[in-house]
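Undergrad: Modelling step: build the complete structure from the supplied sequences, incorporating the hints.
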Amino acid sequence: MPNPSLNSVGKRVGRLNGPDIVTGRTLYADDIQLQEMLHGRVLRSPHAHALIRSIDTRKARKLPGVVDVITAEETDGLSILARKEVRYQGDKVAVVVAENPDIALDAVELIEVDYQVLGSATDPFEGIAPNAPVAVRGAKNEDVRDENGKRYRNVAARDEIVQGDVDAAFAKADAVVENIYRAPYWHQTYMEPNSCTAQAQPGGRVTLWTSCQGSFNIRSAVADALKIGEGRLRVVPLEMGGGFGAKNRLFCEAHAVFASIRTGRPVKILINREEEFLDGHPAPGCWVRLKTAARKDGSITAVEGRILWDGGIGGRNGNLARLVGPYNVPNIRLEGFGVRTNKPTPGAYRAPGAPQTAMARESNIDALAHKLGIDPIDIRLKNAVRKGDRTSGGVTLPHDWLANTIKAAAKEARWGKTGLKKNQGMGIACGDWQNGSGPTNAFIALSEDGSVQVLTGQVDITGLHTVMAQIVAEVLTVPVGKVTVQLGDTDKVPYTSLSAGSKAAYSAGTAARKAAEGARERLLQEAADILEAAPADLELKGGKVSVIGLPSRSVTVADVASSAMDSNDGPVTGQWIVGKIPTYPSYSVNIATVEVDPGTGRVHLLDLVAAQDVGRALNPMLVEGQIQGGATQSIAYGMMEGMIYDEEGRVRNANLLDYAIPTAPDMPDIRTVLVEEGCEHGPYGAKGVGEPPIIPGAAAVANAIYDAVGVRVTELPMTPERVVAALDQARED
Amino acid sequence: MQAFEYFQPKTVREAVQALHKHPKAMVLAGGTDLLVRMKDRVNRPPAVVDVKRLPRSDDLSYAGKTGLHIGAAVSMRQVELSSVAQSRFGAIAQGATFVGSIQIRNRATVIGNVCNAAPSADTAPGLIVHDAKVQIAGPKGRRTMTVEDFMKGPGKNDLKRGEFVLGIQVPAPKPRTGSAYVRHTPREAMDIAVVGVGASVTLSPKGICTAAGICLGAVAPVPLRATKAESILVGQKLTPGKIAQAALVASDEARPITDVRATAGFRREMVRVLTERMIKAASRAATPTRSRRAA
Chain V
945 MPNPSLNSVG
955 KRVGRLNGPD
965 IVTGRTLYAD
975 DIQLQEMLHG
985 RVLRSPHAHA
995 LIRSIDTRKA
1005 RKLPGVVDVI
1015 TAEETDGLSI
1025 LARKEVRYQG
1035 DKVAVVVAEN
1045 PDIALDAVEL
1055 IEVDYQVLGS
1065 ATDPFEGIAP
1075 NAPVAVRGAK
1085 NEDVRDENGK
1095 RYRNVAARDE
1105 IVQGDVDAAF
1115 AKADAVVENI
1125 YRAPYWHQTY
1135 MEPNSCTAQA
1145 QPGGRVTLWT
1155 SCQGSFNIRS
1165 AVADALKIGE
1175 GRLRVVPLEM
1185 GGGFGAKNRL
1195 FCEAHAVFAS
1205 IRTGRPVKIL
1215 INREEEFLDG
1225 HPAPGCWVRL
1235 KTAARKDGSI
1245 TAVEGRILWD
1255 GGIGGRNGNL
1265 ARLVGPYNVP
1275 NIRLEGFGVR
1285 TNKPTPGAYR
1295 APGAPQTAMA
1305 RESNIDALAH
1315 KLGIDPIDIR
1325 LKNAVRKGDR
1335 TSGGVTLPHD
1345 WLANTIKAAA
1355 KEARWGKTGL
1365 KKNQGMGIAC
1375 GDWQNGSGPT
1385 NAFIALSEDG
1395 SVQVLTGQVD
1405 ITGLHTVMAQ
1415 IVAEVLTVPV
1425 GKVTVQLGDT
1435 DKVPYTSLSA
1445 GSKAAYSAGT
1455 AARKAAEGAR
1465 ERLLQEAADI
1475 LEAAPADLEL
1485 KGGKVSVIGL
1495 PSRSVTVADV
1505 ASSAMDSNDG
1515 PVTGQWIVGK
1525 IPTYPSYSVN
1535 IATVEVDPGT
1545 GRVHLLDLVA
1555 AQDVGRALNP
1565 MLVEGQIQGG
1575 ATQSIAYGMM
1585 EGMIYDEEGR
1595 VRNANLLDYA
1605 IPTAPDMPDI
1615 RTVLVEEGCE
1625 HGPYGAKGVG
1635 EPPIIPGAAA
1645 VANAIYDAVG
1655 VRVTELPMTP
1665 ERVVAALDQA
1675 RED
Chain D
83 MQAFEYFQPK
93 TVREAVQALH
103 KHPKAMVLAG
113 GTDLLVRMKD
123 RVNRPPAVVD
133 VKRLPRSDDL
143 SYAGKTGLHI
153 GAAVSMRQVE
163 LSSVAQSRFG
173 AIAQGATFVG
183 SIQIRNRATV
193 IGNVCNAAPS
203 ADTAPGLIVH
213 DAKVQIAGPK
223 GRRTMTVEDF
233 MKGPGKNDLK
243 RGEFVLGIQV
253 PAPKPRTGSA
263 YVRHTPREAM
273 DIAVVGVGAS
283 VTLSPKGICT
293 AAGICLGAVA
303 PVPLRATKAE
313 SILVGQKLTP
323 GKIAQAALVA
333 SDEARPITDV
343 RATAGFRREM
353 VRVLTERMIK
363 AASRAATPTR
373 SRRAA
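For the protein sequence lines, the chains are V and D, in the order given.
Adding 944 to a residue's 1-based position in the first sequence gives its number in my numbering.
Adding 82 to a residue's 1-based position in the second sequence gives its number in my numbering.
Check each hint, because a few of them may be wrong.
[Claimed, not checked] Okay, derived cross-link-like pairs now, SDA-like style, lysine to any residue, Cα gap no bigger than 25 Å in a straight line:
id, chain 1, residue 1, chain 2, residue 2
1, D, Lys362, V, Asn1216
2, V, Lys1003, D, Lys310
3, D, Lys362, V, Gln1368
4, V, Lys1003, D, Gly323
5, V, Lys1006, D, Arg359
6, V, Lys1366, D, Arg123
7, D, Lys121, V, Met981
8, V, Lys1036, D, Arg123
9, D, Lys121, V, Glu1136
10, D, Lys121, V, Lys1366
11, V, Lys1365, D, Lys362
12, V, Lys1036, D, Asp122
13, V, Lys1003, D, Arg126
14, V, Lys1006, D, Gln84
15, V, Lys1365, D, Lys310
16, D, Lys310, D, Gln327
17, D, Lys106, V, Asp1050
18, D, Lys121, V, Gly1543
19, V, Lys1003, D, Met120
20, D, Lys121, V, Leu1007
21, V, Lys1366, D, Arg359
No lab work stands behind these hints: they were computed from the structure.
Predicted model only: the values in this text are computed from it and were never measured.
TA: Here is the structure:
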């Protein structure tokens, strides 16, 4: 609910850059056009795993319009192109630089590569088998063994959580549920495939324009990849057409910079949708065996299991504690593997690892509730982390945030009170997430007309700059329309971290507030001279500074700003650098209502209630949009999304036709509920809101399917075919 | 996209000449398949012949004697919104409704859908159960053949050098004929049929089925007519048992493959489920409204 004492914060302010975006005026990375610009295109491995016997670039080099062909041999020991081994379909083998994109593509087709195809592993469960193919030759793996003492293959990382006496807890349990869950690689499918343009300058510096979630991260990554100093690079971030975590990392930026240095001309590399699928940074899939125990009263006593994260060539491990989640469980024995597979190393996708683990955890809890005859809401309330409890993130909770969010969702969905028809059902699932913070910054300067210019290094991914403008407007008591927010590049602002981890508005919002408070102080000081009063006797209200109790003695913000230009202390400014700020977890709860067609297995989502504990909504419209977007992504993972690999390790659905994401008719109007109980550290009580919405949706649908037709689908996505198979299985049993 | 020569003939003769002169030329109507493939470098035609400016190419008309005429440039959206298509050729209108999005359907053509010859073409089962014929123009004059025979395999049609499709003619249905089409897809729109089923039935005044058509999409290299299932219905009263029996036979007749969208087994099962539903829908559409109300 909006705070009545606030004028701008908490209001439904439309995105300041919205009109430009929807009318096509916004400049995106691929809009960068420079004189003499060349175009790079990448030759990629058609095989999931192979050795390169030879590369013949002669024909490509002879094609008129081709300026450069770069293979590993030309990179002087850098590892930006495959040298001897390609490790996944889409692995980069060569870059062609040409006068236009068509010539570059023609030349890519003229490069001849002789491959010796090797065995590949694309499934983490099959990939750890002692006799599985080695995914990456010479990679260092953990020595982990099966029950027969045979060493698992491709285990790049292992971790465990052991707490309490798990065996005793299972022995004493009144109900035990054990299931195996699977989830596939999951692409972020943002609208804008990555594009970047690099321009080497005569002095040796290079400017890089790119679509990214953090210009400084890209700068470090390019510097690392090319073994050059960060100071040689200027990274200019542009408006993003979606990133969801993927654009934390490099696509072809290092290649564009390298090619521009070699050719002395600007080089643009645009990757297409297929390349996004083959060589992007999707979320990892996983294989989970999860066993959960409870007593008659519904208290969860033990969690035991193993998760195999599909870690791509990096064998990246994922989160393990999320298999326990936001519940108090005394006895835990969990083991997690990061498994090397012949896929690109997974990246971040909005609450990384949380939707996959929530699917397993929340399905098991739901099954326990049904076994024990307890309402699925009640079992969650019974075990939810409460005020005074310490979370797995090491925070002691000051409120019953999760329980209150569960209750708010249940109330909105009229849980237990709706008249469901045959084949209809309702399911609930919960998620938790603790946002990150800083480093970030805000620099404020006032113009003579009282308008306010804000500069920040924080990339705007979902309305951050609008929220910063609201905060600055609030502090300086000017209309939001008087505030503009500019994104600074790496040459113009200090180091700024990624817009990721639900931390942008939390951290840069704090920077904006503190910087605006500094500007306000300076404004009052300057006004004190004009009004011949002590700053302590002045108040700032409605864009005017006046003497308290004497409203006629006042001066406008514009007049103060204008007169300050000539004053001894100079223009009215404010700035703030955030390092780190403490954070709290926030909670999201989804209740899905579905109807299942038992003939075709089609699941129709009739209704979705998405409640979230947001602290305070700085802009409810933007927060609701975040929740609806995140919930849609989770539902989609639940029902249709996922990358499919064939026996040879090739992606079968590297396009947006075969890789299904929902269309508007697939989604109901998601009903959002904002639970606003404040948070002591965030700006105006806000918590990070970006990631929690994506966590529980898939699991809520799984639980609703069970409620509707009595079968539990444990593999994502829960396609019609899998629903029909589960129904057939239930009939046989 | 690579450079190509572009022709926009104003007469059938000019079109035939252009196509004959450039054997590798491709015909452009709505472009929703062709342009995407050209941009993706799947098709690299040296020449493109646009048939949208041919006389009466956008003609969609119905006459009691000759039936429904669909010109070469008639869009999916025209057919979808046509009241005569909706009332007399339900399976065709419904097939058009499933294609792409409204934006796509405003460009995409029915003829293009047929010429493209995808086994999953959404308008094909409806056209086939209505015994539609393609009218072909070419260097040797004109010829006609059924849509069923015209579609030869994935991406393959019966057109010879210099030929193109001028239009489709669908005979006027007999009284008390109804038809319907549905498809199974994982999402509501912008998708390709995992299985599509079109059915038509003609009933006698006493409710006996005198003719039946069942055509299955995406379960064979071409839209497949389930003739054995059809013959089970003809001469019979369409009881739930009879319909279920025909649906089971249709699923036997299907020759599905396993691909990225579904397994063969699931496709077969969907043929059974959807055929049953479509025979029922067609038979409801064939039943005059008054007697349906009475029932």
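Undergrad: Checking one constraint from the list: CA of Lys1036 of chain V to CA of Arg123 of chain D, max 25 Å. Satisfied?
TA: 20 Å, holds
Undergrad: Please verify whether Lys1003 of chain V and Lys310 of chain D have alpha carbons no more than 25 Å apart.
TA: 57 Å, violated
Undergrad: Given the hint that Lys1006 of chain V pairs with Gln84 of chain D, does the C-alpha gap stay at or below 25 Å?
TA: 19 Å, holds
Undergrad: Is it true that the CA of Lys362 of chain D sits at most 25 Å from the CA of Asn1216 of chain V?
TA: The hint is violated at about 45 Å.
Undergrad: Under the criterion that the straight-line Cα-Cα distance not exceed 25 Å, is the pair Lys1006 of chain V, Arg359 of chain D satisfied?
TA: 61 Å, violated
Undergrad: Could you grab the alpha-carbon distance between Lys106 of chain D and Asp1050 of chain V and see if it respects the 25 Å cut-off?
TA: 20 Å, holds
Undergrad: Tell me if the straight-line CA distance from Lys121 of chain D to Lys1366 of chain V falls inside 25 Å.
TA: 47 Å, violated
Undergrad: Lys1366 of chain V and Arg123 of chain D were given as a pair; does the straight-line alpha-carbon distance stay at or below 25 Å?
TA: Violated - the C-alpha atoms of Arg123 of chain D and Lys1366 of chain V are around 49 Å apart, more than 25 Å.
Undergrad: Would you mind confirming whether the straight-line C-alpha gap from Lys121 of chain D to Leu1007 of chain V stays at or under 25 Å?
TA: Since the Cα atoms of Lys121 of chain D and Leu1007 of chain V sit roughly 21 Å apart, the hinted pair holds (cutoff 25 Å).
Undergrad: Take the C-alpha atoms of Lys121 of chain D and Glu1136 of chain V, compute the straight-line distance between them, and say whether it is at most 25 Å.
TA: Distance ~17 Å between Lys121 of chain D and Glu1136 of chain V Cα, so the pair holds.
Undergrad: Can the restraint linking Lys1003 of chain V and Gly323 of chain D be considered satisfied, given a maximum Cα separation of 25 Å?
TA: Outside the cut-off at roughly 67 Å; violated.
Undergrad: Can you confirm whether the C-alpha distance between Lys121 of chain D and Met981 of chain V stays at or below 25 Å?
TA: This hinted pair holds, its Cα atoms lying about 22 Å apart.
Going down the numbered hints, you'll see the structure goes against 1, 2, 4, 5, 6, 10, 15 and 18, while the others check out.
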